Structure formats: structure tokens, C-alpha cells
Amino acid sequence: MKHTHKNILNPALLSLLLSAAVPVQAATINKTFCVSQTSKSLSGQSVTFWGYSDCGGGGMGGGGMGGMGSATIPGPLIEIGAGDTLNLSLNVGMMTPQEPSPYNGHTIHLHGADVMTSEDGTPETNGNVVNGDTYTWAPLANEAGSYPYHCHVHTVKHLEMGMYGAVVVRPRDAAGAFMKRITANAATAYDYEQVYVLSTVDPAYHTATMDSTVFGDYNAKYFLIGGKEGKTTSAPAMTLAAAKSKKAAFRLIGMHSTNATFGIKDSAGNLKPFTVYVEDGRALPTARTATSVDLSPGQRADLIVTLPSTTGTWYPQVTYKNLRDGGPLGTVFGKVTF
Amino acid sequence: MKRFLMLGLLCWAELISAGAYAATQNFTLYIDAGTLTINGAGGTVIDVLSFSDGGMAMTSVPGPALSVSEGDAVNVTVVNRHTASHNFVVSGVSTDATAIAAGASRTYSFSAPAAGAYVYADTLNNNINREMGLYGALLVRPAGGGNTAWTGGPAYDFERLWVMGEMDKPRWNDMVAAGGTVNTSIYKPNYFTMNGLGGFDAMMDMGVMLHGAVGQTALVHIVNGGQFAHALHFHANHFKVIAINGVRQSEPFQERDTFSVPPFSTAEVLYTLNKPGDYPMHVHTAQMETANGVYLNGAATMIMAQ
Ligand SMILES: [Cu+2]
Ligand SMILES: [Cu+2]
Numbered sequence: 001m002k003h004t005h006k007n008i009l010n011p012a013l014l015s016l017l018l019s020a021a022v023p024v025q026a027a028t029i030n031k032t033f034c035v036s037q038t039s040k041s042l043s044g045q046s047v048t049f050w051g052y053s054d055c056g057g058g059g060m061g062g063g064g065m066g067g068m069g070s071a072t073i074p075g076p077l078i079e080i081g082a083g084d085t086l087n088l089s090l091n092v093g094m095m096t097p098q099e100p101s102p103y104n105g106h107t108i109h110l111h112g113a114d115v116m117t118s119e120d121g122t123p124e125t126n127g128n129v130v131n132g133d134t135y136t137w138a139p140l141a142n143e144a145g146s147y148p149y150h151c152h153v154h155t156v157k158h159l160e161m162g163m164y165g166a167v168v169v170r171p172r173d174a175a176g177a178f179m180k181r182i183t184a185n186a187a188t189a190y191d192y193e194q195v196y197v198l199s200t201v202d203p204a205y206h207t208a209t210m211d212s213t214v215f216g217d218y219n220a221k222y223f224l225i226g227g228k229e230g231k232t233t234s235a236p237a238m239t240l241a242a243a244k245s246k247k248a249a250f251r252l253i254g255m256h257s258t259n260a261t262f263g264i265k266d267s268a269g270n271l272k273p274f275t276v277y278v279e280d281g282r283a284l285p286t287a288r289t290a291t292s293v294d295l296s297p298g299q300r301a302d303l304i305v306t307l308p309s310t311t312g313t314w315y316p317q318v319t320y321k322n323l324r325d326g327g328p329l330g331t332v333f334g335k336v337t338f
Numbered sequence: 001m002k003r004f005l006m007l008g009l010l011c012w013a014e015l016i017s018a019g020a021y022a023a024t025q026n027f028t029l030y031i032d033a034g035t036l037t038i039n040g041a042g043g044t045v046i047d048v049l050s051f052s053d054g055g056m057a058m059t060s061v062p063g064p065a066l067s068v069s070e071g072d073a074v075n076v077t078v079v080n081r082h083t084a085s086h087n088f089v090v091s092g093v094s095t096d097a098t099a100i101a102a103g104a105s106r107t108y109s110f111s112a113p114a115a116g117a118y119v120y121a122d123t124l125n126n127n128i129n130r131e132m133g134l135y136g137a138l139l140v141r142p143a144g145g146g147n148t149a150w151t152g153g154p155a156y157d158f159e160r161l162w163v164m165g166e167m168d169k170p171r172w173n174d175m176v177a178a179g180g181t182v183n184t185s186i187y188k189p190n191y192f193t194m195n196g197l198g199g200f201d202a203m204m205d206m207g208v209m210l211h212g213a214v215g216q217t218a219l220v221h222i223v224n225g226g227q228f229a230h231a232l233h234f235h236a237n238h239f240k241v242i243a244i245n246g247v248r249q250s251e252p253f254q255e256r257d258t259f260s261v262p263p264f265s266t267a268e269v270l271y272t273l274n275k276p277g278d279y280p281m282h283v284h285t286a287q288m289e290t291a292n293g294v295y296l297n298g299a300a301t302m303i304m305a306q
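Here the protein sequences line up with chains S and A, keeping their order.
Numbering-wise (the numbering used here), the first sequence opens with residue 1 and increments by one.
Numbering-wise (the numbering used here), the second sequence opens with residue 1 and increments by one.
In case anyone wonders, no lab produced these hints; they're calculated from the structure.
The structure displayed is predicted, hence computed values, not measured ones.
Among the clues, some could well be false.
Distance ranges between label pairs, derived from CB positions [unchecked claim]:
1. S:A204 / A:T35: 56 to 66 Å
2. S:A186 / A:D96: 47 to 57 Å
3. S:T313 / A:D157: 52 to 62 Å
4. A:D96 / S:A290: 28 to 38 Å
5. S:A287 / A:A97: 34 to 44 Å
6. A:G55 / S:L271: 45 to 55 Å
7. A:T37 / S:M210: 50 to 60 Å
8. A:A104 / S:N270: 48 to 58 Å
9. A:A177 / S:L140: 33 to 43 Å
10. S:L140 / A:D157: 21 to 31 Å
11. S:E79 / A:I186: 21 to 31 Å
12. A:S111 / S:T28: 58 to 68 Å
13. S:T310 / A:A99: 28 to 38 Å
Output of the computed footprint for chain A on chain S, the stretches with three or more beta carbons under 8 Å from beta carbons of chain A [claimed, not checked]:
14. 129-139
15. 148-160
16. 213-219
17. 292-300
18. 328-336
The C-beta atom is built at its ideal place from N, Cα and C for all residues, glycine as well.
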């Protein structure tokens, strides 16, 4: 948004102005996204998606076209430093796939970012700007962690269509480089990182439009991590080749519409403990060591597991569960070798 | 609207009477069949059962908020004016689940537990009675009164009670109203409510919205009377989770922007209005944002700070 008063109210900028000693160099990161249609084969069925792509490099997607670019599900990973300023622009044009009015256009809602309503991407509250906008967020030093972004136009449809992705807010060191830590706290240091965007698919939502009774009943049929099914340990959605005794961070980002539980099992099926340091972009007052963590739609967890000193394979996995009694709907597997 | 004025008056009266001494609190609830109207696009009229205070409306989904103080001796007399058996249980608090026959009444007695929010319901009939609307909230105040969540606990400037619910109109409510048998293994609720209101109403209802001055803190009692987990997502800023099912969390409290309240459970959060403007609060789960598929007439309200 273009309001001139915005920066005056920006707490990150205020703290920078008021701070006598600025510890790290904050960066300004500008990105431009476009929206385009794509399709995925899920369990042999073709499902149409709408997704974001990074179209800021000139050439593609500029001007009034908008629909250019190659969407990915989830959208591009956005990495910024705590204290940085992100200016995330959305290009919506005549070629952009969309619904008719009143659900036309798209936005980017930075879910969990504590921003003014003008940066919130919610058309019902920011003047119905759905034809392209710039969303500005300057996360504070204590806001390192994982966040989703997603479209907030007719959310029941557009989020389900694939209009979501991840923002990782990283601590920066004194030289301004991203640290391999979840927060500035040295206890959160890791060697490897996996971003697991959780999502579910009800194909009926992908063909229905406008105010349809289809959107009154959600029947999750396909279950994804990072846009992939990963239905067996031999065909995992995500893989990591790591070294023994090292630490792997998992960034779990819930964009699903069911309940879900994450766990890590060894090849014998035993649950392995991990430590959760951050949930919903805020450090836990006390880090929590557990063998499972539940994620509801919209929630996140940033956790670290220490790999064993002997060679082997572990299977991080998400079991999607129904909202009524938590009964399992499907499990998606990842894989870590070491 | 009438319902909210009534809830408001009830809380007001109880706040005035709340003292430093354990007292006896007597309530009378009436069970009747009636209807719940979901206004706005996608809305409808749903056949329901409810606990009410016996006023003119005779229907109140959710039932009245029962406001008491810690240690109070609470007597809830339930008058069953419906044609089937019903009961009254405060989850985790009361133990007498005796059924009341049609036309009879019974007084359920319990001691008010630690300050916090609790959920009551008719637990009979395999969740059908609760699904039909027979649920509500018990709010327990600190013994010494005052605007803290508990004695010595975190302070707040104003409070809200959000009783979350859902109804599967075609398969459950319509079936019960027609005298048929509900197949309880299938539950596909298509209406989602806060204090009995769809989003079109709840986003304008002063008793539901979080509205106030920047810097004010709301204590929000979230009571899930439904059978689905409700994942509430607050825009604008994070909140502190201070209690779950009446169990106090240790300080410093964890901060979240989304919190899932399981079926027939409660949670309490502190939300500080930290910036001006209008922002939504909504359940983050696909269909739960809709009324039978119509967007934003589901479990949603507004946050408004000046
Ligand atoms: Cu969109
Ligand atoms: Cu969101």
C-alpha cells in the first residue's frame, strides 16, 4: 500500500530509529509474484490449481498480463531476515485466472505477520484492493520462524486452489548473513533444513466456483507435503541426505483444512524425539521436547531433531486427521538418510 | 440480538453480585424445541433444541452463559418441556448425568471450580442432543472479583465469550425434526456459528466483535460446543493462551496466531488490540468459513481498534 503514514507506524523502523546501536544490517527485499493456472496429477487424477510464481525478474509477467509465469504448488519460498523489510508485490492482470465478481482478483495475506490492515491482504477490510498491490512487512527480531502466505479472496476456494507458500524469517549474524538457526538463540542451531508445507486437496473445490454448496462440505481426498503425495516411504514427498550426528530443522507450515500430526519414525517404526523451539513465529517460553506435534489449519512449528551417530534412515511424516474425532485420513512421508 | 442483550444482562447482574464470599447460585434453564435463524446469504432456519432462561424467545442457541464465582454452590434446575429425555452436564465439573424425563425437571448441583471457562451440554443421545443446540458456557470468576482471569492472574480491560458451534442441517437437524433416525457415523456440518450467529451477523455484533481502543486487552473465553475442532485465527497480532479447559497455563504464556479448540472443550486467550484498524478473526478451515458454502457467513467475526 502507498499510505505515507505507514512507515511512521512501522514498529521495526521505529525501533531502528530509536536504537542507539543497530546490531545487524537490515535489508530491503523486493519481490513480485504473479498468479497462473497449472495442473497436478494426484493419484492418477488431474487436478487444476492456481498458484503463485516469482515474476519479478523482468520479462515475464510485467505490465498488464499477469497470467504469465509458471506457478508452483506451494508457491516460491520467501526468505527474509528478522528486521528486514519485505515488499511483496502481486501482479494481477487480464490474463490472471480468477473468479467473477465479487470474488475476482487475488491478494497475498502474510498469515501471522502482525501488519497494519493496509498490508493484510484481506479484501473485506482493506478497501477491496484485489487487482494487484504491494504488501510490506518488517518482522521484528523476536519474530524469527515460519509463516504461510496465501490469497485471502474467497479463501475457501483460493487457498484450496493452491494459492499458498512459505515465508521463513531468519536471524541474521553481525555481518548480515542468514544464520543456520531457528532464532538468534544458539540452542536453535542446525545443519540442515526442510520446509514442509502441509496441504490437503478436495478436487470438488477445484472445479466449483462462487457461492456453491460444494464449499459447505470439505472432503479431503489427496494429502500433500510440499505439493507432493508421498504416500509410501519408498516414494517420499521430501528427501534429505544428511550426515550422521548432525541436526536437521523441520519447518512445518499448516495450509491444510483438516487436523494433522507430525512425527519422525526410524526404520523400525519407533518415534524419535525432537525439540520444538518456535510455534506460530514466536519462540516458546520453554522449548518442548516431544515425539509428536499437532498442527491445525494455519498453525506452524519449527523444530530440530538430532540425527543418530550410526548410519540409517528416518521417516518424518504427517498424518492428516478428521476434525471430528481425529481419526486418520492419510499419511504423507518424508525421508532422511544419514 | 435479543439473545445477546440477555447474555449481557446476565453477566452484568452476576458481576454486580460477585463478592468475596462463596455464595449459592441458583439458575433455572428450560428445554424447548425451536428454531435458529442464520441470517444473510446462505442462511436458513434450522430446527433446534435449546436451554433458555424461559424468556419470550424460548430458544437460545447457545444456552445462557452461567456466571458464578469460584467455590460457589451452584444449583441448576432444568425444566424439560420437550418430548424426549435430556440432561445437563458441565464437562469436567459436574458428575450427575441423570436423565430428566419429558415434562419433568431436576436440579443439578456442583461446586464452581477454578476461575475459567467451561462447557455444558446435554450429553444424552449419542451427541444428537448437543448437536441440536443443547450446549452453553459456564464462566467462573475469581473469588475476589476484579478484572483478572484468576486471582493474581493476568488483567484484562474487557471480555468476550465466544461459544463455537456447528450443525449438520440436512442429516441431523432435519432428520430429528422429521422424527427420523440420525446416522451419527456421518456428520457433515454445513452451518458454523459463534454465539449462534453466522459470520454475516457475528461480524457486526458488538457482543462478539473485539472492539476497543488500541492498547486494551480482551480476555476471550472460547467454548466449543460443537463436534469439530475449531482453529481460530486472529489477524492483526498474536494472542496469549492462558488456559485450556480451565487449566491455567504457566507464565510466560505462549503466543500464537492460530489456536485449535477441540470438540466440547474450552480455551481462554488474551488478545491485546495493538494497532488501529479493522481485521478479521475466523476459523481457518475451508468449509467452516461458510454458511452452506456461502463465504464468510461461517465462524468469523471482526477485530476493530481505534
Ligand atoms: Cu486468490
Ligand atoms: Cu491464513
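Of the hints given before, which are not true for this structure? 1, 7, 9, 11, 13, 14 and 18
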